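J.: Build the full structure now, drawing on both the sequences and the hints.
Chains as they are written, first to last, in the numbering used here: chain Z, 1 to 448; chain B, 1 to 448.
No wet-lab data here; the hints were simulated from the structure.
Computed from a predicted structure; not experimentally measured.
Do not rely on the hints blindly, as some may be mistaken.
[What the hints assert, rightly or not] Covered stretches of chain Z (in silico footprint by chain B; criterion: 3 or more residues with CB under 8 Å from a CB of chain B, positions within the stretch not fixed): (1) 58-67; (2) 215-226.
[Unchecked claim] Some chain Z residues judged to face chain B by a derived CB distance under 8 Å, without partners named: (3) H13; (4) A32; (5) Q86; (6) D89; (7) S196; (8) S205; (9) K206; (10) D207; (11) S210; (12) G272; (13) Q292; (14) A422.
[As the list claims (entries may be wrong)] If we take Cβ atoms under 7 Å as the criterion, some of the chain B residues that face chain Z in the derived model are: (15) A32; (16) S196; (17) P217; (18) G272; (19) L273; (20) T294; (21) H355.
A virtual CB, placed ideally from N, CA and C, is assigned to each residue, including glycine.
There are 2 protein chains.
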Amino acid sequence: MSVRKVYDYIDAHVDDFVDDLVKLVKQPSVSAKGEGVQECAELVEKMMKEIGFSTKILREKKGNPVVYGELKSKKTLLFYDHYDVQPPDPLEKWTYKPFSGKISGGKIYGRGTSDNKGNFVSRLKAVQALLEVTGDVPGNIKIFVEGEEEIGSPHLEPIVKKHKNLFSADAAIWEFGGTDRSGRPVLHLGLKGVLSVELKAKGASKDVHSANAPLIPNPAWCLIWALNLLKDEGENILIDGFYDDILSPSREEIECMRKIPFEEEETKKELGLRKFLRGKSGLEAQKALLYQPTCTINGLISGYTSKGSKTVLPHEASAKMDFRLVPNQQSDDIFKKLVNHLKKHGFRDLKIIKHGSTEPTRTPIDDPFVGLVAKTARKVYGRKAVIYPISAGSGPMHLFRNFLGYPVVSAGCSHPESNTHAPNENLKIESYIKGTKFIATLVTDFTS
Amino acid sequence: MSVRKVYDYIDAHVDDFVDDLVKLVKQPSVSAKGEGVQECAELVEKMMKEIGFSTKILREKKGNPVVYGELKSKKTLLFYDHYDVQPPDPLEKWTYKPFSGKISGGKIYGRGTSDNKGNFVSRLKAVQALLEVTGDVPGNIKIFVEGEEEIGSPHLEPIVKKHKNLFSADAAIWEFGGTDRSGRPVLHLGLKGVLSVELKAKGASKDVHSANAPLIPNPAWCLIWALNLLKDEGENILIDGFYDDILSPSREEIECMRKIPFEEEETKKELGLRKFLRGKSGLEAQKALLYQPTCTINGLISGYTSKGSKTVLPHEASAKMDFRLVPNQQSDDIFKKLVNHLKKHGFRDLKIIKHGSTEPTRTPIDDPFVGLVAKTARKVYGRKAVIYPISAGSGPMHLFRNFLGYPVVSAGCSHPESNTHAPNENLKIESYIKGTKFIATLVTDFTS
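T.: Listed below in structure tokens is the structure:
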């Protein structure tokens, strides 16, 4: 089959492809708040069915629906995607409304355009183009679309374990990816794990006048003191045993990292920073980004936070946090260590809530599937692929890579200025279409 | 003149008195946000004029209007009040809307009913009753109503200094006061000072995905580390030199405190606490409340604070704080010490904003005016007055007591369950009317 014809089909249908993605972006699906999740899962299923997938909706207890689609043939390639998105806050920093799907300057704007509705629709459209042009796809295609990726995939493990046969495959393409600033395709072979928690401190039964401070406990102070025990000013994580199980990157992985064109100055400029944390630069910064576990405050709230001042003593305070975990840390173990550490230091009344977790995982650099994806990327983009042995990001890849046991590579249609997880998230239409061609080629190459 | 006739007038006009207070409560006047401030000052002036006061509106630069009213005669008693109120947040915890002035179960509900619209109107109504019954008041009455008390009175000092003659008096009654749980009248002879500040930390120019935590500075952590340097878990304030100028209470003041019926168990029960901070109890707790300076977090905010989790690395974080100061601390000196302390520990990029301040002050226990107010209180309430040599609260009393040089006593019409500065602030109609009679008697006693 000539992939040329498929490209022609794609180029002739750019407007339809954009319309379909805009439709999906306009359907809110904020897993953190449960907003629009059911409706979005139904829309995802409808979009799969329309091009010929047989579909299933899987659900675990009160978890968000997982949409599963399959096209039968020989060798099986699975796509992992998610239809849920990050909360769009802070709303006031968006130029266009976050669920508008507004098109401007060759970009589609909206929460999820890049992460991950764009990649999902791009994969669907690649399959549609193959089906329309050739009447069939040259391999089995499975698409797995969950609705809780942005909240740590809390219900995914039982679903994957219950439906092991459904999710069997020869290889998988992970949700994200794209090109770097100079247009090189970027592949990621693994993910850090993540552990999301919330610390909640309580004081009196209600807010009181701050004149009472000599006698009434202030949960905001309790929270400050507890957080201060987790990380020092040198960025060292202080939880007992936190670093115990960490593997250093292998010589091979370091070699791989050396070849990554690290866009250091551009990143600093974009973020208005003179230097990175601890003054790290070059390979050292790259190593920190990929192989250093983290302890991050995502949000803090207590008491009066509006304009001006208010002499109040708050009765509750909370911090949302995430820990990024590296091979071989385990989220359960780190959660236990966190709880023990705070208890040991006397914070027995602090409530520690686990919001979700995933484990760190990697596919080896020398896996044949990695070679195939890299070769296809080079062919489509005309540039050698940049390979990250692991990503600084997280997701439930370990369930597919470790439990189901096949190689997983992340490759997609996004780009560095896409503002993932931030206001004004967007996807360039050009990247979306190029990425769709790449996936159509990959499906062909994988099964031929 | 028989005060009996004045009481009869008050009792015959309870409904009118309540209507007038409700009208004032329904006019928002949140100085922290500038909401309704101009309209409230105009209403306050109108209410004074209606009963015969000659009035003036004073204004310093962009400060909120100060309303001044005067009734001419011989000896002069000044009432200090404020028409601005605390922000009503958190709104969801109010049973009735904060500016509804809803009457239920013999109480008027609304922000400001107790602090300080209730006391202001009570004083106005006492004068109205005297004028209606006797045709004149037996002394000069001045009423000074400012609109920035709840934000630390930032424009008051230049106004008082420019209009020294206007504010001259023989004595003053301060804004707050009332009865304790058992119905005893409570007098306060002084105030702590207060210094309100905000600490603001900045990171990158925008929020980023938390996967970037190994390289991108997190202002939330910077804020935690800075705050942790201000107070330790033993509640000791760590700012260099913070405790240097503090005077211990005199033997006389301690004797005065011993007589204060400290409603310890009731307070703990109301607030759901097993014990006070550092396990303090009895006279030790009373001493801490009145003579211990404080360092309080009023509010904290950074990053994502809605439901669930969000893997974001915030780009800004801030803490609102107040320091309560005791004799002889000075707010300017403490602010300098705070700035130097944080700079010395490396927090040079932290923005430290001063929102407002007042100084600690006291009128001596043996001042004749204190004796007079106590005597009148006993006469009206039928119980011996409880005298606090100083209050745990704050306000610009030092300008009247120290700069203008006359005795100042705080006495009013509130009660302990009034939820001052908290949701469901209220004023019992019974307390409001009794307090009005007390003020009418005091004006008569002071000038006779």
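J.: Hint by hint, say whether it matches the structure.
T.: Evaluation of the provided hints:
{"no.": "1", "hint": "58-67", "in the structure": "violated (count 0)"}
{"no.": "2", "hint": "215-226", "in the structure": "holds (count 9)"}
{"no.": "3", "hint": "H13", "in the structure": "violated (32 Å)"}
{"no.": "4", "hint": "A32", "in the structure": "holds (3 Å)"}
{"no.": "5", "hint": "Q86", "in the structure": "holds (6 Å)"}
{"no.": "6", "hint": "D89", "in the structure": "holds (6 Å)"}
{"no.": "7", "hint": "S196", "in the structure": "holds (4 Å)"}
{"no.": "8", "hint": "S205", "in the structure": "holds (4 Å)"}
{"no.": "9", "hint": "K206", "in the structure": "holds (6 Å)"}
{"no.": "10", "hint": "D207", "in the structure": "holds (5 Å)"}
{"no.": "11", "hint": "S210", "in the structure": "holds (5 Å)"}
{"no.": "12", "hint": "G272", "in the structure": "holds (4 Å)"}
{"no.": "13", "hint": "Q292", "in the structure": "holds (4 Å)"}
{"no.": "14", "hint": "A422", "in the structure": "holds (5 Å)"}
{"no.": "15", "hint": "A32", "in the structure": "holds (3 Å)"}
{"no.": "16", "hint": "S196", "in the structure": "holds (4 Å)"}
{"no.": "17", "hint": "P217", "in the structure": "holds (6 Å)"}
{"no.": "18", "hint": "G272", "in the structure": "holds (4 Å)"}
{"no.": "19", "hint": "L273", "in the structure": "holds (6 Å)"}
{"no.": "20", "hint": "T294", "in the structure": "holds (4 Å)"}
{"no.": "21", "hint": "H355", "in the structure": "holds (4 Å)"}
This entry does not satisfy hints 1, 3, going by the numbered hints stated previously.
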